[in-house]
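The listed protein sequences derive, respectively, from chains A and B. Take the position in the first sequence, starting the count at 1, then add 2; the result is the number in this note's numbering. Take the position in the second sequence, starting the count at 1, then add 2; the result is the number in this note's numbering.
Fair warning: there could be bad hints in the mix.
Repeated chains share a single entry, so a pair holds when one copy, or any two copies, can fit it.
[Stated by the list, open to error] Derived DSS-like pairs: lysine-lysine, alpha-carbon spacing no greater than 27 Å straight-line:
id: 1; residue 1: Lys254; residue 2: Lys5
id: 2; residue 1: Lys351; residue 2: Lys143
id: 3; residue 1: Lys172; residue 2: Lys5
id: 4; residue 1: Lys462; residue 2: Lys138
id: 5; residue 1: Lys302; residue 2: Lys176
id: 6; residue 1: Lys176; residue 2: Lys77
The hints are simulated quantities; they were obtained by calculation from the structure and are not laboratory data.
Protein chains: 2
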Amino acid sequence: MLKSQIKLYYKNITAEAVGSEHGIDRQQFESLAKKTAALIPGIKEEITGGATRYGLLPDNAQMAKNIKKMVRQFKDKCKNLVVLGIGGSALGNIALQTALNPYTYNLDDKGRKGPRLFVFDNVDPAQLGSFLDFIKPQLSKTIFNVISKSGQTAETASQFLIIRKILVDKFGPKGLKNHVIATTDLQKGTLRKIAAEADLPTLEVPDGVGGRFSVLSDVGLFSAAMCGINIDHLLAGARDMHTRVTNPDFFKNPAAICAAINWHYYNQGKKISVMFPYSYALYGLADWYRQLWAESLGKKSSLDGSEVFIGPTPVKALGTTDQHSQVQLYREGPNDKVFTFLEVQNHGKKLRIPSPPACARELDYLAGKDMGELLNAEKKATEYALLASNRPCLTVLFPQVNAYTVGQFIYLYEVTTSIAGALFGINTYDQPAVELGKVATFALMGKTGDEYEKMARQIKPLTEVDGEFLV
Amino acid sequence: MLKSQIKLYYKNITAEAVGSEHGIDRQQFESLAKKTAALIPGIKEEITGGATRYGLLPDNAQMAKNIKKMVRQFKDKCKNLVVLGIGGSALGNIALQTALNPYTYNLDDKGRKGPRLFVFDNVDPAQLGSFLDFIKPQLSKTIFNVISKSGQTAETASQFLIIRKILVDKFGPKGLKNHVIATTDLQKGTLRKIAAEADLPTLEVPDGVGGRFSVLSDVGLFSAAMCGINIDHLLAGARDMHTRVTNPDFFKNPAAICAAINWHYYNQGKKISVMFPYSYALYGLADWYRQLWAESLGKKSSLDGSEVFIGPTPVKALGTTDQHSQVQLYREGPNDKVFTFLEVQNHGKKLRIPSPPACARELDYLAGKDMGELLNAEKKATEYALLASNRPCLTVLFPQVNAYTVGQFIYLYEVTTSIAGALFGINTYDQPAVELGKVATFALMGKTGDEYEKMARQIKPLTEVDGEFLV
């Protein structure tokens, strides 16, 4: 199994495939290769000790050991694992679970190889309230993994305060440590202080790795390991991909090619990037990619300080489902999108389609076929239809969906993002625009301080409902 | 409860709110009003007997009676209801369930007021296979509702053939009618023939109503009613909204205003339309809207036959979750989006945030607040941050989420779509571009006939992997 490599297939972005107006010709591709190849050595440096250090995670053997130790300590006592986190502290966890455990995992009390997993990345009282009503009778078998680098994220903090009180009311202040694992900064911050005071077991949000690049750390791997996912295979996949995506030969480097093609199309006015898995299991990865791409590449300023307001808009779609929802637009709407299909060659499970009844011979063509064959035929049919409308298509081919190939995919897209950021000439690793909304939330929630009070006065007339514009 | 109306709030698209480059000034708005108002009487005609007839559904009292009769017949015998459908035969069902039943509905065997609901809108052998393994021991208490106008949709047909065989193997050919309800054309088609032969109970996919406009028919309402949702309130909401959205006075018509604003912005280069509910319950409606908007407005040809390739790209986002994923891009990326928030004033459930421990005073500002207050403050904070970057924002205000307000919302967006289609000058109700992919699927699956065989020969070289472009 560990031999199976995912591959990037890019013939259907060429001028031969989608015409000269929308395709990339050989000369353009050579020039993309030259520009991009020059960036690869710098990216290799950058991700293993420069601006970010996510490239060190797959080699960190101690990390996997610590996680497995924590799993051994908690797994037997745990029938429900509840992750409290948001953004990079949730999307990776959801993506791994969706990819690598069955669709019915949480329902199937007999087949499941670990606790049920719930990930809460919101502050919705209807949603969380209904969950709390449901989980309260089962608290003694429930573990909460609260994930926040600082502990000050309003969503995670407020979820945690609610759950902390429920647990303290039930098990006393000393019982907290049997039900909460804090994943946070190693040294400092609000959650670190709370954990120290309550003697909570802790895991680490690593330094120098932004949230959206942290899935292959304690952040994403602990919940995965608890639910029976092979984290060694995930890391091995990432390690093996590291070799491929740091190859200075552009033509052998899938991240470089993927980044270059996306950058080229953005500059040509195709500002929407659709990730289109033909596998429900991979749909969570499309959502994870959505954050990775949007936060990393959506930037107002370039590195030289000029105002650019750039960034492709990532969109998740699901095959075949979205053929009956989005493909009309994808073919006949403006030609402003690049499509990246995720195609699975072996779906693991076979489902044979039986013969139709005699009154429905028009369905005979399905009889005896495997459902996976139909799914892949629909992918090819959709790609063919898009090509007929001159829409460029990439495909990432998965021999199968397993921890090793998913680890490869994650690392492929992390490095693709780093290279794309370098091509765009922006800082890939910050997110300055998120700050204003956080401060405004503090202000509206009545946090004390002149700054907040002044801002609250500013916001109210802008967002309070004015009858003139209400219909 | 039946008095509570949803409202459209549009101050934050004005030039005062987002500046003259990205806002709409009074003169522009007057001119939009004039152009749009002229279309309203025609739309009223169109939807109640013209090109489409979805406008007749809310008044159809017999429909609700039939559905309730079918529910009475099956509800007691049914612990699991499985919908087999795709596109308009699935997205509305999912949206109603997500909006109007608790998040834990399928898990909560004690609290639930109906069968568990599963909706399968794909042909993924891993996903469906794991579900079949799970459901097989419970077949005697499971009902399948197969929904297809023609019965020839490849996805629904193949799912149905698999399940049909499982049921016949277990209950014999005569047992099928106790476990399958067919929602299909009243007179003709493959599924109608199969239903007649096996004596299946049937419901109707109404004539003259496209799939994406069919949620308020048997298609969407039967599964809702089975799960305890008040379909009379849904229909009452749609009826009351009908009065508002057929009002020829533009300034009193929320659908006209919403359509006009969206159309204006598309023409100004804002080609992405983000629906951004701040309520998990409403997230499924954003996905339903995605189909409605994309298939209706994504068109190559205008009504006069000229080539236009138009259509806004709908995107679903979720607050607060996507603040930590997309807002960086939404503020600092290209100013190419219109945002439509869905805001809920009363979340139904209160969750008080307790005080933090003494070591974490920085969280004091949360203490004693209700989680719904935080959620709504985050919405306002995000809106404020977007306005600070001159991004236009609409809000649909829900007094609360219930069947009556959800019925209003559905009808509001259906008519908004009809008016937008008229403004764009396209056929809102067809989907010609979906056809090629369907035929190509037939071809690749080996359907016999010269047309298919020829096409299969065409497709293969285009979609088969060519080593030169594989990395």
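Each hint, compared with the structure:
no.	hint	in the structure
1	Lys254 / Lys5	within (18 Å within a copy, 64 Å between copies)
2	Lys351 / Lys143	between (32 Å within a copy, 25 Å between copies)
3	Lys172 / Lys5	neither (49 Å within a copy, 41 Å between copies)
4	Lys462 / Lys138	neither (38 Å within a copy, 56 Å between copies)
5	Lys302 / Lys176	neither (48 Å within a copy, 66 Å between copies)
6	Lys176 / Lys77	within (20 Å within a copy, 47 Å between copies)
Going through the hint list in order, the structure does not satisfy hints 3, 4 and 5.
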